[in-house]
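I would like the entire structure built from these sequences, with the hints used as guidance.
When we follow our numbering, the leftmost residue of the sequence shown carries the number 4, and every step to the right adds one.
If you're looking for bench data, these hints aren't it; they were derived computationally from the structure.
Okay, derived cross-link-like pairs now, PhoX-like style, lysine-lysine, Cα gap no bigger than 25 Å in a straight line:
hint	residue 1	residue 2
1	Lys142	Lys124
2	Lys88	Lys26
3	Lys22	Lys142
4	Lys124	Lys88
5	Lys26	Lys124
6	Lys33	Lys142
7	Lys38	Lys96
8	Lys33	Lys96
9	Lys142	Lys88
10	Lys142	Lys105
11	Lys22	Lys124
12	Lys105	Lys33
13	Lys38	Lys105
14	Lys142	Lys26
15	Lys88	Lys33
16	Lys105	Lys88
Quick list of the computed label-pair ranges, beta carbon to beta carbon:
hint	residue 1	residue 2	range
17	Gly98	Glu14	51 to 57 Å
18	Gly135	Glu14	41 to 47 Å
19	Pro40	Ala123	34 to 40 Å
20	Arg80	Gln10	28 to 34 Å
21	Tyr115	Ile19	27 to 33 Å
22	Asp79	Ser146	24 to 30 Å
23	Ala123	Gly15	29 to 35 Å
24	Asp103	Thr44	18 to 24 Å
Cβ atoms here follow ideal geometry from the backbone N, Cα and C, with glycine treated the same way.
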Amino acid sequence: MDQQRQQALAEGAIRIMDKAERKIWVTFRKEGIHKYPAAATDPALATGDEYDVSFLANEHRHIFHFRVWIDVFHNDRDIEFIQFKRWLENLYKDGILSLDYKSCEMIADDLYVNIAARYAKRAVWIEVSEDGENGCLIKYELSRPSQVVVI
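See below:
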């Protein structure tokens, strides 16, 4: 490969790196008591067969697993992830947030409101799962590119 082509490729790579989306992520866990009252009466949930999940209407324990991504704007990390993780954990420890009887999606939304108040104008992705097994991922984006659906 000639030197001019190599230089053009290197310059292209630098432009891409300069515009790259950067996020850090942290994980933590929190024990919580959870229930889904509608599971006892909703015919789609209380099916009486192998798909019956009416037991979810009773209080039950989970270890909620969190993974939180947040925008950072340079490689020296304008948010230190250890500090970010400790702050998130303390939201629950200090009683600012609680798990109560919320769904994973509700827990993610509550957490996002607190993150957005402290770290404005940043995209945040939040994953919450029950026991690391089933959960949700919600992407709180600042803008959404137009979507095209081809059938």
